[in-house]
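K.L.:
Okay, here's what each chain looks like letter by letter:
Number of protein chains: 4
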Amino acid sequence: MKSGKKDNMNLKVAYIGGGSRFWAMNLFRELMLEPRLGGEMRLYDIDKKAAEDNAALGNMLDEISDHYENGEKQPNNDRIKNNWTYKAVDDLAEALTGVDFVFISVLPGTFDEMESDVHVPEKYGIYQSVGDTTGPGGIIRALRTIPIYEGFAKAIKENCPNAWVINYTNPMTVCMRTLYKVFPEIKAFGCCHEVFATQTLMCNALKDVLGIEDAKRDDLVINIVGVNHFTWLTKAQFGDIDMFDVYRKYIEKHPEGVYKYWGEPSMEQVKFNLFKRFGVIAAAGDRHLSEFIPGYQYLNSPEQVKDWDFFLTTVKSRKEKMARQFGEREKYLNREARFRVEHTGEESTRQMLALLGVGDLVTNVNIPNYGQISNLPLGAIVETNAAFRYGSITPLLAGEIPVGVRSMVLRIVDEQETVVEGALERDLEKVFRAFVNNPLVKIPMDKARELYKEMLENTKEYLTMYDLSQIK
Amino acid sequence: MKSGKKDNMNLKVAYIGGGSRFWAMNLFRELMLEPRLGGEMRLYDIDKKAAEDNAALGNMLDEISDHYENGEKQPNNDRIKNNWTYKAVDDLAEALTGVDFVFISVLPGTFDEMESDVHVPEKYGIYQSVGDTTGPGGIIRALRTIPIYEGFAKAIKENCPNAWVINYTNPMTVCMRTLYKVFPEIKAFGCCHEVFATQTLMCNALKDVLGIEDAKRDDLVINIVGVNHFTWLTKAQFGDIDMFDVYRKYIEKHPEGVYKYWGEPSMEQVKFNLFKRFGVIAAAGDRHLSEFIPGYQYLNSPEQVKDWDFFLTTVKSRKEKMARQFGEREKYLNREARFRVEHTGEESTRQMLALLGVGDLVTNVNIPNYGQISNLPLGAIVETNAAFRYGSITPLLAGEIPVGVRSMVLRIVDEQETVVEGALERDLEKVFRAFVNNPLVKIPMDKARELYKEMLENTKEYLTMYDLSQIK
Amino acid sequence: MKSGKKDNMNLKVAYIGGGSRFWAMNLFRELMLEPRLGGEMRLYDIDKKAAEDNAALGNMLDEISDHYENGEKQPNNDRIKNNWTYKAVDDLAEALTGVDFVFISVLPGTFDEMESDVHVPEKYGIYQSVGDTTGPGGIIRALRTIPIYEGFAKAIKENCPNAWVINYTNPMTVCMRTLYKVFPEIKAFGCCHEVFATQTLMCNALKDVLGIEDAKRDDLVINIVGVNHFTWLTKAQFGDIDMFDVYRKYIEKHPEGVYKYWGEPSMEQVKFNLFKRFGVIAAAGDRHLSEFIPGYQYLNSPEQVKDWDFFLTTVKSRKEKMARQFGEREKYLNREARFRVEHTGEESTRQMLALLGVGDLVTNVNIPNYGQISNLPLGAIVETNAAFRYGSITPLLAGEIPVGVRSMVLRIVDEQETVVEGALERDLEKVFRAFVNNPLVKIPMDKARELYKEMLENTKEYLTMYDLSQIK
Amino acid sequence: MKSGKKDNMNLKVAYIGGGSRFWAMNLFRELMLEPRLGGEMRLYDIDKKAAEDNAALGNMLDEISDHYENGEKQPNNDRIKNNWTYKAVDDLAEALTGVDFVFISVLPGTFDEMESDVHVPEKYGIYQSVGDTTGPGGIIRALRTIPIYEGFAKAIKENCPNAWVINYTNPMTVCMRTLYKVFPEIKAFGCCHEVFATQTLMCNALKDVLGIEDAKRDDLVINIVGVNHFTWLTKAQFGDIDMFDVYRKYIEKHPEGVYKYWGEPSMEQVKFNLFKRFGVIAAAGDRHLSEFIPGYQYLNSPEQVKDWDFFLTTVKSRKEKMARQFGEREKYLNREARFRVEHTGEESTRQMLALLGVGDLVTNVNIPNYGQISNLPLGAIVETNAAFRYGSITPLLAGEIPVGVRSMVLRIVDEQETVVEGALERDLEKVFRAFVNNPLVKIPMDKARELYKEMLENTKEYLTMYDLSQIK
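Protein sequence lines, in the order shown, are assigned to chains C, V, F and X. For the first sequence, the working numbering gives the first residue as 114, with consecutive numbering after it. For the second sequence, the working numbering gives the first residue as 114, with consecutive numbering after it. For the third sequence, the working numbering gives the first residue as 114, with consecutive numbering after it. For the fourth sequence, the working numbering gives the first residue as 114, with consecutive numbering after it.
This list has only true hints and no planted wrong ones.
When chains are identical, the list treats them as one kind, so a pair holds in a single copy or across two.
Distance condition first, Cα-Cα at most 30 Å in a straight line; then the derived DSSO-like pairs of lysine-lysine: (1) Lys543 <-> Lys566; (2) Lys560 <-> Lys419; (3) Lys366 <-> Lys320; (4) Lys270 <-> Lys362; (5) Lys294 <-> Lys389; (6) Lys118 <-> Lys366; (7) Lys566 <-> Lys362; (8) Lys236 <-> Lys419; (9) Lys444 <-> Lys194; (10) Lys236 <-> Lys434; (11) Lys585 <-> Lys366; (12) Lys329 <-> Lys362; (13) Lys200 <-> Lys125; (14) Lys560 <-> Lys236; (15) Lys585 <-> Lys362; (16) Lys432 <-> Lys566; (17) Lys389 <-> Lys118; (18) Lys389 <-> Lys543; (19) Lys573 <-> Lys161; (20) Lys429 <-> Lys573.
Because the hints were derived from the structure by calculation, they are not lab data. Computed from a predicted structure; not experimentally measured.
The following block holds chain C by itself, in its conformation from the complex (with noise of 0.2 Å):
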């Protein structure tokens, strides 16, 4: 008998970003908790070295793992497995040649243009929460993150057309716009698990408001529409309860907002007025929706967004969590510490399963529109439900965005577009006209201007393929 099915256990996969220190634990351990995957997982990383680190410590799982559930070790580690024999590359073609599987999660530059990104329009009394995915910032790193996966999308269709690309980098609907515009029959889509906290939020109203204490994340069926990052509910329901009702009295019975560690402490209020004004469920983290709406809204000031109860993530801040994070691979390689095992909340491992036919799976994700939002442009990089089936990804009917909103998220489309096409075009002015509307960049023009060639100087050891004398 010859069997048409891939042996789930002999997978190919490569992993373009490979060096991580964050992203790669937790696919190692959401790999061990799977056992009908398994493979071979090639590591590319810019830094080699950086990615035969984790292969040995991928390769020496099975010898430092611990096994938790819940947070409780479980007596014995029976449970978990490496299946996979991890391998650091030294090119991309290499990686990519006929693999199944590509994730690409990388970092843009370094923490030190991120600096920049974030900290330099300060200056000019903008103020960004997190700097990745628009405002200054997240054009800025756009236009390095760009032309490096145009390259990715180039290698994949040379290399490995036919495989399932999954990526994870942001700005997530830039990066995926490029490999589509590249190689459009790519079979890509990008993974972002900023909606799957508000999931958890409708759990605790749903105990809060109602007594019902056993709902979890995946009994929350909703409707999302929108952007990534800048995603929205239309619909949301547990069974029968409409939660459009329980989220209501929610809010009205937390005026002061309800707790949420996002890294630092936030109290949901942004994503709370939201609601009251537009009686849509925003999605995503207080920090990602305020860099969407008009800057004087929720970032005007640091003391604005400290009335609004949530904060702006310091570069400062994240270098020192990668410098407290720094040796922890250290240690697992050098046997000083034991690597935890327990889910990560990622969906990898699933959506993998029910491409390669094990189930159906119905789970957010980011593709191009193909009509699934009824009020966006077809091809623009959407978020919406869809389901994962044997070889296949399918979107959910999404409908409309609605009124009140949709305009927000049609200008950031139309940022988005053009910043990514000004890219490609290598056009710096292009993507200053981008730049110049977005909606916190609360100055006049020629400030802009002046703050755009700023950003762009700061960072230029990342814009080489940039003509940087086009901006007068």
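Once you've looked at the hints, dock chains V, F and X against the given chain C.
P.N.:
Frame of chain C; chains V, F and X shown alone:
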């Protein structure tokens, strides 16, 4: 802790048409095979005695059943169990009050009416291979059915507006459209296994052309567009394999067709011919497909039907089959025979589980067009894939009906819309406008009127809500 | 002062098919009645002698013409004048180079080919009342026409890409689609006066039903949707008066139909019947309308045609009419008869004037669907109203084709699309797929193939660009 | 013979706001220049005395008028004539009963209210150049206007449901939306001459760049998309000449802008800048355009406005202008001055003629979106071209709003929809949700609430239908 979820073992279900001899037994089988569902099943039928017999049978299932798998009797019956209490009820309201699910599977009129539906047109040179969906027979049957469904919709609105309503009766589209016209908020969907057979055909093709033997129906990921019994696959894949290529080769390899037993032997020649003509895979049996297409192409005469290697199902054969089935229930009730429990190919329990929050399921279903098919009118009942999740059915984006077949699909949509409107308005002239435009009615309009009158007259016992004297 | 406008008295116009005996004379008449237009008219025809005769005639018009109005000879001829220099040219390039307008009105093949188109199908029980647009005859005629138009499109692209191209040849839709497929930037539109007759019919109805006598065709404001010869009015008004009410009463008042001379007497019964069936006003002659509808309804047999009070135009009658016209041009050239100049009902000069910036004009026209009809595919050639302005034609928003007729319109759109594709690809099998699906071809597929082969064989002299042996 | 047409010399017209000092006189002028129209004009105004004065003036026009053309007095007045009887009426019903046309041109509130609308926001750093369409001023003005228009719509429905209603009042879109929401069958359209000025600008560009001097406004064929005062040309041509090229060169040639007197001198720099940014031609004055765009771009401060070479129209200047006009009517009534009759650039009489069946006219107009703009919501009041014909207005297919500006247009659509809904529901909180999202309101939300309350309080005399205490 308060649970928010329904107790899947304490469900309340109404079964309209619960005196059925055939479909009821299949439902019994599926329910016995699903340990996660149980509760109370209320059987309602205009033949009360039949409902009582089925209730009695249902309640003794544990005693009389044997478990089979893939046709083989299992060593013991410990994997089957009846978790349901069956009871026959006197009226619709009693059946429906407060239920979670409603099954509807009824026969509008008797086989005597169907005899007129199917065979009277033959006097005019009009041949129908089924006669229950479209064609003169399907239209007259719709006239009987629509007022009954009008009553169902009102009763559901009154007694269980939140219940999930699952329809199995033909004409499927007409039944569903009536339910939604009369009670637009109804949570109804229509199920038909016709498409499954096409997935199985694909599995055969895979084996025959590529030697792949382990493909199961569910592995064939398809995109379906159309209306019930006239559905089309615009995409079909087995993992990376494009089934359109495989299907083309399969057809070339079998110029004489491939054998399929649809009650009688058939060779799939209509389906293959449609593929050659339109480049799309028809996803229903040849007897159904041919009824939607100009009558001189496949159904011009009994000889032509024979040439295309399918057949005309006579009502005589239906009556004979019914007679054969007649003693079956009695034998079980008298413990003269064992009840064989094996999977029947129906998806009802999988759908119920998904709607109760146990896993995601993607399958084909008949619901109103919310935009899932972009080039059919909104509101028309269409058949596409949909995602079943906890408390929710959402269509997958299905896209366009392709050139070539789209005008034929649109025609049947218009026919069915006109018939439903006409029947609800009790306007027989309006219905005649659809009748005369049916592609099987390949006779001049005056002859068509003669035929229409004769068919109405023959079945007038079930048409008392209309004024037959309208038709001159 | 530099003028930006074209000098309307120094226009250059190419007339392809300029040897015509009938249409040319009507053009002469309209041009003599329009003092605001003049210049050079280049006549091109494969029958060079005929073009020369027309040129000679054109140049002597001032001498031989008499002015008529409403059928009455005017006391003097001072309101008519020839402002044009006519010349016959040798080739297409010479005709086209640098012109402002191109008229195209050609006969693809001769009446002998048309004899096969129209009458050979009668052997198979297929009757065609015109046979030049659809039906087996229209499709074979399209096979002759499309390669010719392919050549026109290329020559226009080469020699006068900015010219306005006005087509009068049938099959209109097929000619237009070919022009746009081969040269998408072409500024072409197709004119047909069939709709005008329906406006005139409305005027008659106004008089008959309401006693209103001063309504002129142009006063009847209509909304048209459809494809050429199968167009429908979805709105018709005379000021505040809804013409749908008037038309309904008119039909009721005249159960025997109303007399209309379309070359032979006719009673508009098909048109009236279509209104009763579908509630929409058909806007073409009965002979055209009936050809788009299943053949057993109006064209089942010569007897049925007689019952519906219209007629089958024989090619014999066309030949006789041509013979009668034959001496006409010669008489004028020999000054044996006076040339009668009176309005012909054509709109060519009004359209030219509007395009040259003299006033706005709204009229019906055949152009690609840019969305003016919301439920037909983009790009299909449709007939709707459009605004003619200086240098510009813009469709009016026409909306939807109504339920009931929309599937028949979509069918012809698909037929014509398939025929154009097939002919451009020289793929006779593809064309056959359209042929067999034509609603007049009410015969089994094997018989249809026989007929197709015979019709191709009969007209092979004009089908040399195809490989006829393709069809087995 | 019974005539079906209206007698254009016996029209009945209602003029709401008929006491006007400015617009009334322009109407008088246009009517005197159009000999094909006449009848009875009923002037209705809340200032009855003003209406009586206008009526008296209207009835003496023949005696006191002089004819001018292109600024020059004509030798005699035989081409002007008053064909109208003017009369002031007491109430709306009397004005409207049985009329053919209704003009509406009113001032909601007085200039004192407008002073608050325009200048109070300046205390918050918000500058408005007009303040009657959007921005805080436009929104508060809308609150005064919508209940008035609600009354108009009801009175029209009651007294003259078939009349053509022509609105000139601002905020145009809000007025029109109210009319259609309250009486959906109303035959209303809104006229604004703002676009005409852009056509004139094109004529200047033609002369300047290409030396073409004979282009008239009407020769510039354009495609318009947008909402009133924020309209865009996506196509503009003068015959074969693409005006986008000409416009680009014109802008390059005039880096300092071009002079335009819009009440005060202006240099079209905003318009030119928008073209450079978005590649689309903005078709309104800079003072209007800038109000739809984030406030820090063109209206950040009086200095910035000066830098962009346009100006802020103060209400003081409006009051002064009114004072200057104040004695004018009295002088005519006292025969102390002659009434100068010359074309004013308004199109009202051309539109009336076309609607009465005298010729086709294509011009821009504000009506609901029936699909003429494909990417704006149906029902929104949009400005595009439409064809005026006998008894009918039909939009031309206008297509998409282009990338870049479409999200700004969608935003104003949503603002206006929310404001109309809020005002009709008397829900000031809902209106505030639009207020705070206005791009000129570049202040935090708490400050915005302060401003809103102050503006409501200032104008409360005209807001008695609302409960101002709703706003905390």
